[in-house]
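Put together the whole structure using the sequences plus the hints.
Protein sequence lines, in the order shown, are assigned to chains A and B.
Here the numbering used here = 1-based position in the first sequence + 203.
Here the numbering used here = 1-based position in the second sequence + 1.
A couple of the hints might just be wrong.
What the simulated footprint calls covered on chain A by chain B, stretch by stretch (three residues with Cβ under 8 angstroms from a Cβ of chain B suffice, anywhere in the stretch; the number is not a length) [claimed, not checked]:
| no. | segment |
| --- | --- |
| 1 | 278-288 |
| 2 | 291-304 |
Facing chain A, a subset of chain B residues (Cβ under 7 angstroms, in silico) [to be verified]:
| no. | residue |
| --- | --- |
| 3 | L8 |
| 4 | N81 |
| 5 | A89 |
Here are a few chain A residues that face chain B, going by a calculated C-beta distance under 8 angstroms [unchecked claim]:
| no. | residue |
| --- | --- |
| 6 | G233 |
| 7 | A254 |
| 8 | L256 |
| 9 | A307 |
| 10 | T308 |
| 11 | P332 |
The hints are simulated quantities; they were obtained by calculation from the structure and are not laboratory data.
Ideal Cβ placement from N, Cα and C applies to all residues, glycine included.
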Amino acid sequence: MSTVVNFHKVVAVAGGFPVLAGLDIEIAKGEIVHLRGSNGAGKTSFMRVCAGLIPISDGDANVLGFDMRDDRRSPRRHIGLLGHDNHLYKDLWVQEHVEFRARATGAEAGDAGAALRRVGLSDRLWSVPIERLSAGQRRRVAIASMLVGRPQLWLLDEPHAALDYEGRGLLDEILVEAASSGATVVFASHERDLSKSVATRVVTLRGGRLWEDSGAA
Amino acid sequence: MLREALLIARKDLRVEWRSKVTLGHVAPLALLILVVFAFAFDANARLLELGAGGLYWVAVLFGGTLLIQRAFDVETEDGNFDAFRMSAIGTPSLFLGKSLGVFLQVVLLELVLVPGVVLLYNVRIENWVLLLAAAVGGTWAFSVCGVLWGAMAAGLRVRATLLPLLLVPVLAPVLLAGSRAFETALGVRADAGWTWTSLMFVIAAVHTAIGLGTFGFLLEEG
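Have a look at this one:
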């Protein structure tokens with residue numbers, strides 16, 4: 204099984220503060236990793252370093268075959284990142300937004316409909332401005348925007364936030380589907396039940412380092 | 002690159018079309034500025050006529066700065082810049098697309114302001130070609146400078162107040178050249194209108210080149 208993320212003693216600094224302090228971790232293709240840890244443990248920072256949004260200061264990091272010390276931009280087009288923000292234009296209609304994201308990631312705009320249906324957004328909401336949607340519906344649009352780009356590495360920070368019971372189940376199905384089709388999923392969540400239902404591996408961070416690792420399933 | 006730039010510009014125009022900020026808020030404000038100047042100089046109609054070109058560009062500066070501010074607010078308010086950095090769109094395309102979006106919105110603003118100047122300040126357009134060329138050159142220079150400095154200020158909490166502070170000194174040569182070219186086009190000054198217009202195109206070309214080369218760095222480090 205090929206390695207998608209390989210960190211060796213990675214140190215990263217953001218805003219003058221060390222957010223990763225010598226992290227060692229290896230994630231293989233097809234894994235669904237549940238990242239856990241208390242607030243400030245480094246979960247979000249780990250994902251932003253994987254996405255190349257925070258540069259590394261020391262150590263070695265390789266993501267999707269790219270050395271992050273030399274080139275942290277090239278892997279981005281193969282990565283889907285869903286953070287605390289939804290990355291939505293609230294004045295656009297739902298369908299317009301997802302079509303725009305599809306084109307921006309090099310996918311077909313025609314795939315937007317399939318992605319919206321997959322996240323359970325009915326046709327009647329497609330021509331509604333995003334600002335009129337509920338928080339949960341916006342989260343679904345954000346997931347559809349990511350889904351449409353067919354990323355190889357999914358990085359999701361508290362992806363279940365604001366989703367209702369049905370939405371959570373749907374998202375879990377999408378994550379399992381993505382992993383079974385060859386993508387790798389890393390999600391951060393404080394909800395322990397998700398480890399049982401979705402994750403193939405549980406990793407706990409503390410102080411920007413690896414604290415506990417259940418190992419690959 | 003052009004296809005990606007058009008994608009960005011189309012998205013920005015669609016966002017503006019839905020929110021109606023340009024026509025609903027900025028254009029009325031810019032017109033009000035013209036009206037205020039008309040009241041202020043009412044006692045001296047000749048002075049108003051002589052200064053019409055300059056007052057026009059001051060109104061464009063006020064309105065345009067708000068549009069640039071808005072163009073970056075929609076990118077920062079829900080973390081959209083991160084989505085751009087993660088997308089397949091190149092940063093030169095992003096720069097061109099944002100500039101084109103701002104350019105078209107400022108052109109729309111100017112379509113409201115030109116009749117305003119003619120009616121309120123009692124001037125006649127003597128040279129349409131010069132006026133159009135100066136408007137295009139000045140507006141493109143304004144747009145590329147604005148997007149460049151807007152990106153620098155985008156990551157800062159004080160961007161709302163900092164952007165005009167950064168922008169006005171940078172745009173001073175454009176304002177000066179635009180005013181002189183318009184004065185010639187309006188027939189109130191027999192001056193080298195085309196020389197001033199050429200200067201605006203040179204400023205626009207230099208800032209376009211700087212933007213294409215540095216926008217990626219600004220996004221990464223901003």
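Structure-based check of each hint:
1. Only residues whose C-beta sits within less than 8 angstroms of a C-beta in chain B count toward coverage, and the segment 278-288 of chain A has 8 of them, enough to reach three; the restraint holds.
2. Counting residues of the segment 291-304 of chain A whose C-beta lies closer than 8 angstroms to any C-beta of chain B gives 9; at least three are required, and the coverage claim holds.
3. Checking L8(B) against chain A by beta carbon gives a least distance of about 5 angstroms; that is within 7 angstroms, so the hint holds.
4. Taking 7 angstroms as the C-beta cut-off, the interface hint given for N81(B) holds, the closest approach to chain A being about 5 angstroms.
5. Interface restraint check: A89(B) against chain A, minimum CB-CB distance 4 angstroms, threshold 7 angstroms, status holds.
6. Look at G233(A): its Cβ only gets to about 22 angstroms from chain B, farther than 8 angstroms, so that hint breaks.
7. Hint status for A254(A) relative to chain B: holds, with the closest Cβ pair at about 6 angstroms, below 8 angstroms.
8. Taking 8 angstroms as the C-beta contact cut-off toward chain B, the hint placing L256(A) at the interface holds, the least distance being around 6 angstroms.
9. With 8 angstroms as the threshold, the beta carbon of A307(A) comes within range of chain B, its nearest partner Cβ sitting at about 4 angstroms, so the hint holds.
10. About 5 angstroms separates the beta-carbon of T308(A) from the nearest beta-carbon of chain B, less than 8 angstroms, and the hint is met.
11. Taking 8 angstroms as the C-beta cut-off, the interface hint given for P332(A) holds, the closest approach to chain B being about 7 angstroms.
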